[in-house]
Amino acid sequence: MSIPRSMLTNKPVTESVRAATDELFGEDDPPLFAVVSDLNLNGCYDNSALFVTSQKLIAFDEENGIINLFFSQIKTAEVKRMYGNAVFKITTNDGKRTDILRFTYSVAEICDAVANFINHINSGEDIELELDMVRATYKNMRSFCPKCGRKLSNPDANCINCSGKSKVVSKLLIYIKPQLKRIIFSLILSMGSTAMALVPPYVTKIMVDEILPQSNKRLLAITVAALLGVYIVQYILGGCRAYLLRLAGDSMVTDLKKDIYAKAQHLPMSFYDKTSTGSVINRVNSDTAIIQTFMLRVTQEAVVQLFMLVGIVVIMFTMNWKLTLLSLAPVPIVICISKFFGKKIAPMYRRLWRRGTAISGLLADTIPAVRVIKSFTSEKRAVEKFSRYANDFLSESKKASKTATVFPHIITFMITSGSVIIWLVGGTWVIERPEALTLGLLVSFISYTSMFYTPVNFFANLNDSYQNALASAEKILDIINAEPETDFGKGKNKTGLKGKIEFRNVNFSFDRTKRVLTNVSFVINPGDIVGIVGTTGSGKTTLINLLMRFYENYEGEILVDGKNIKDIDLNFYRSQMGFVQQEPMMFRDTIINNIAYSNPNAHVEQVLHAAEIANAHGFISRLPDAYDTMLGERGVGLSGGEKQRISIARAVLKNPGLLIIDEATSAVDSETEKLIQEAIERLIRGRTTIMIAHRLSTLRKANRILVVDKGEIIENGSHEELMALQGKYYKLIQIQSMSEQVQAEIEAENFEMVR
Amino acid sequence: MQLRYIDGPEVRITAYDRIFVNVEFFGGEVLTELEPRRLFPISGLTKYITLLDNEGNERAIIRNLNNLMPESRDAILDCLKEYYMIPRIKRLIKRTEKFKIWMWTVETDRGIYTFEIRNSFTAIKVLHDGRILILDANDNRYEIPDLNKLDKRSIRLILPDV
Chain A
1 MSIPRSMLTN
11 KPVTESVRAA
21 TDELFGEDDP
31 PLFAVVSDLN
41 LNGCYDNSAL
51 FVTSQKLIAF
61 DEENGIINLF
71 FSQIKTAEVK
81 RMYGNAVFKI
91 TTNDGKRTDI
101 LRFTYSVAEI
111 CDAVANFINH
121 INSGEDIELE
131 LDMVRATYKN
141 MRSFCPKCGR
151 KLSNPDANCI
161 NCSGKSKVVS
171 KLLIYIKPQL
181 KRIIFSLILS
191 MGSTAMALVP
201 PYVTKIMVDE
211 ILPQSNKRLL
221 AITVAALLGV
231 YIVQYILGGC
241 RAYLLRLAGD
251 SMVTDLKKDI
261 YAKAQHLPMS
271 FYDKTSTGSV
281 INRVNSDTAI
291 IQTFMLRVTQ
301 EAVVQLFMLV
311 GIVVIMFTMN
321 WKLTLLSLAP
331 VPIVICISKF
341 FGKKIAPMYR
351 RLWRRGTAIS
361 GLLADTIPAV
371 RVIKSFTSEK
381 RAVEKFSRYA
391 NDFLSESKKA
401 SKTATVFPHI
411 ITFMITSGSV
421 IIWLVGGTWV
431 IERPEALTLG
441 LLVSFISYTS
451 MFYTPVNFFA
461 NLNDSYQNAL
471 ASAEKILDII
481 NAEPETDFGK
491 GKNKTGLKGK
501 IEFRNVNFSF
511 DRTKRVLTNV
521 SFVINPGDIV
531 GIVGTTGSGK
541 TTLINLLMRF
551 YENYEGEILV
561 DGKNIKDIDL
571 NFYRSQMGFV
581 QQEPMMFRDT
591 IINNIAYSNP
601 NAHVEQVLHA
611 AEIANAHGFI
621 SRLPDAYDTM
631 LGERGVGLSG
641 GEKQRISIAR
651 AVLKNPGLLI
661 IDEATSAVDS
671 ETEKLIQEAI
681 ERLIRGRTTI
691 MIAHRLSTLR
701 KANRILVVDK
711 GEIIENGSHE
721 ELMALQGKYY
731 KLIQIQSMSE
741 QVQAEIEAEN
751 FEMVR
Chain B
1 MQLRYIDGPE
11 VRITAYDRIF
21 VNVEFFGGEV
31 LTELEPRRLF
41 PISGLTKYIT
51 LLDNEGNERA
61 IIRNLNNLMP
71 ESRDAILDCL
81 KEYYMIPRIK
91 RLIKRTEKFK
101 IWMWTVETDR
111 GIYTFEIRNS
121 FTAIKVLHDG
131 RILILDANDN
141 RYEIPDLNKL
151 DKRSIRLILP
161 DV
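So the protein sequences, as listed, match chains A and B. Using the working numbering, read the first sequence as starting at 1 and increasing by one per residue. Using the working numbering, read the second sequence as starting at 1 and increasing by one per residue.
I should point out that these hints are in silico values taken from the structure, not numbers from a laboratory. Any given hint could turn out to be false.
[Said to hold, decoys possible] Here are the computed lysine-lysine pairs in the DSSO-like style, where the Cα-Cα straight-line distance is at most 30 angstroms:
(1) A:Lys-566 to A:Lys-500
(2) B:Lys-81 to A:Lys-344
(3) A:Lys-514 to B:Lys-125
(4) B:Lys-152 to A:Lys-80
(5) A:Lys-710 to B:Lys-81
(6) B:Lys-94 to A:Lys-263
[Stated by the list, open to error] Partner residues aside, some chain A positions facing chain B, computed with beta carbon under 10 angstroms:
(7) Val-36
(8) Lys-139
(9) Thr-357
(10) Asp-478
(11) Glu-557
(12) Asp-561
(13) Gln-736
Idealized CB from N, CA, C, for every residue including glycine.
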């Protein structure tokens, strides 16, 4: 039989593959789905595919031919991820391992699903259920915008990139709108001042041709007074205009900054995984300033210069059309050079932006870590690194400035040459035919010519400013256009959480090159205290990240009280959870504000009560400024144990239905440890609690323990059950007990020495 | 805990699979099905090769491949070649942009291919030795071994992003 056209596949099966494999499928066992790959087994770009039926798989690539295997011949199927691509490997019942398909990471998720499908079918699972899982993966895979190809957060989501506002200019215009009144008024002022600016050259003509030859002192005084009046009006209008512009510009850029910051708050964690904080800071500060300058140039200067240009050309034509045409001769050349310049300078500005961002990134990295730098006496190294980055910027800036400065000078030279030609031609006419062109008219014309080239020069240089702004605008729009955290459950299911949590076949990877969680399934009942244990990098924190909805691009389902967490209002959902972090984050604010961060409307006595429960009240009240103590950045001034207790106080004040505690790994002395443990005990009472536990004492409080290893739940039960199992948990506890014993001995020795 | 280093003459390494080797120490100990991986895949191509077992645990580190016996070195190099196989870009045929997504069509040592780059700032890394590493929107990697050896047009197309 031929391969059905409607078969589930990631992309159409090519005709060559179809022709080679059509005859391999029987009527009674049609292909259920296919993975169309773009590599052959040798790693070259080529047509290849893997077809799966209910009983067998068929792999084909044009270089290596066909591999046909029944599931009954297969012991395990697995995906081996390598550095640049991945391979689908089959181990047959005789222990032989065979590569059957090589693929780029674009189809890695589907291949994972196929491997699971084969393994599950072989272990007797229901084929329809397994097929549903595969279908879900294909559906997720197809969640791309058909227009721009951007990955959507959900198959039904609208593409934020193609929502009709993607043009840079239209995106930025919305920031101009609120300032429209100021801008329009400023434009009216501009027209006035431009009109005034056009008067003096004409007055020059009258003076040279009429007033001075007639020696009319009275008329001279009146004309000079009028000229002074014109200048006064021109500069008053100009001053008012500049003030209004400044106001409009500052307001625009403030709105833009606010929007970028607000958007940055709602971006998913995956954005921050790939974007440095330095680059975000650069966008909020430097790029908005560049945009401000450009927007003001466009909305104001450009319009003024256009008025000026038109006004001058009209006056010049009425004075002498022949000389006017002569003056306009260099304009096409100026436009051509401007276009050429734009093409040349644009990539330079992009490179300059990269270098600038690298510097911001370095600053964002090193300044907060200045203690680490000092403690390792690495100041010199840090300075050298910064110098290297700064020199890179300088070298790039030199290249850009060479182009950016040479170009305007070429333009200015051409303008000057234009004036010289006018002097030559016009001067000859004044000498030979004074009746056709008077001296006053020539002087006045020359003034207009030099004025005419100011707007021409402006428009020629506008390209430079435009290219620079475009580079910044692109970076700003990267944030403004970025897909925010999805909230398909907005406004839905806002009923108090009882705390039943269920993970159903959850698979997750930060990127396609490495699986972090594989087939994770478990149920936590309301009121359970669950400890999650495992070695570093086993996937404990990722489990919590998914539950907190920091990442949503996982396969499978996470349910809370039977509802998919993606269908619950995001703000409401997170408001129901308390999160005590491993390394508590403090803000540069007072202690009371740091505790009340979880509930800004809390009464002061509620804050005191929360601090008391968290065993923090005692040490806070002994501080000279007590609750008004101003903490430094990231809580500088407090010990690790103190910060942990403030963090617990925050969670107490929030009073969440569901509590997540990522226990600190850093060792604290026994007394502090006891205070923290007491605080945690009070905090978790009566709440569903999930604890990433590192200490034996914490684990003993849990009535359920999940052991995570290499992204899988390998053990699940009570402390006693898992100890009896003598598996991974048993080993971890043994190691933990030994290290705690050693710690206790060290502390006892220290105590003896001090005493 | 001590890291176990292999300096060279004390082992014989033979291929087990495309990316696995067996290691036989001259003292008699045999480790099977080990996966060689570079500890410095970007900065050190022949030094510090770790050997991982099925569980991903490190069993030994080869200090320098050049100190191994030729057969052993070749066995490791074959595995590394297979594992670290990434297309090397020889020419940039087309570079277009739409909605801030860059589409590159390139000629590589493994054929012609088109891929997307979402954020050129993070996706393109320039190394001090002149190599350029590229990560596409699907997390596939590509390498330009030496920017200056590309044709002028390709350089002109790439320059804004580096």
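Comparing the hints with the structure gives:
The straight-line distance between the Cα atoms of A:Lys-566 and A:Lys-500 is roughly 15 angstroms, inside the 30 angstroms bound, and the hint therefore holds. For the suggested pair B:Lys-81 and A:Lys-344, the alpha carbons sit about 40 angstroms apart, so the restraint of at most 30 angstroms is broken. Between A:Lys-514 and B:Lys-125, the direct Cα distance comes to roughly 21 angstroms. Compliance with the 30 angstroms bound is thereby established for this hinted pair. A distance of roughly 38 angstroms separates the Cα atoms of B:Lys-152 and A:Lys-80; the hinted pair therefore is violated under the 30 angstroms criterion.
A hinted pair counts as satisfied when its Cα atoms are at most 30 angstroms apart, and A:Lys-710 with B:Lys-81 qualifies at roughly 26 angstroms. Our distance criterion of 30 angstroms between C-alpha atoms is broken by B:Lys-94 and A:Lys-263, whose separation comes to about 33 angstroms. A least Cβ separation of about 14 angstroms between A:Val-36 and chain B goes past the 10 angstroms threshold, and the interface hint is therefore violated. Here the hint on A:Lys-139 is broken, as its CB sits about 18 angstroms from the closest CB of chain B, past 10 angstroms.
Hint status for A:Thr-357: holds, given a least beta-carbon distance of 7 angstroms to chain B, under 10 angstroms. The closest approach between the C-beta of A:Asp-478 and any C-beta of chain B is roughly 6 angstroms, which is under the 10 angstroms cut-off, so the hint is satisfied. About 24 angstroms separates the beta-carbon of A:Glu-557 from the nearest beta-carbon of chain B, more than 10 angstroms, and the hint is not met. Interface restraint check: A:Asp-561 against chain B, minimum CB-CB distance 35 angstroms, threshold 10 angstroms, status violated.
Among the interface hints, the one on A:Gln-736 is violated; its C-beta lies about 17 angstroms from the nearest C-beta in chain B, farther than the 10 angstroms criterion.
When held up to the earlier numbered hints, the structure conflicts with 2, 4, 6, 7, 8, 11, 12 and 13 and fits the remainder.
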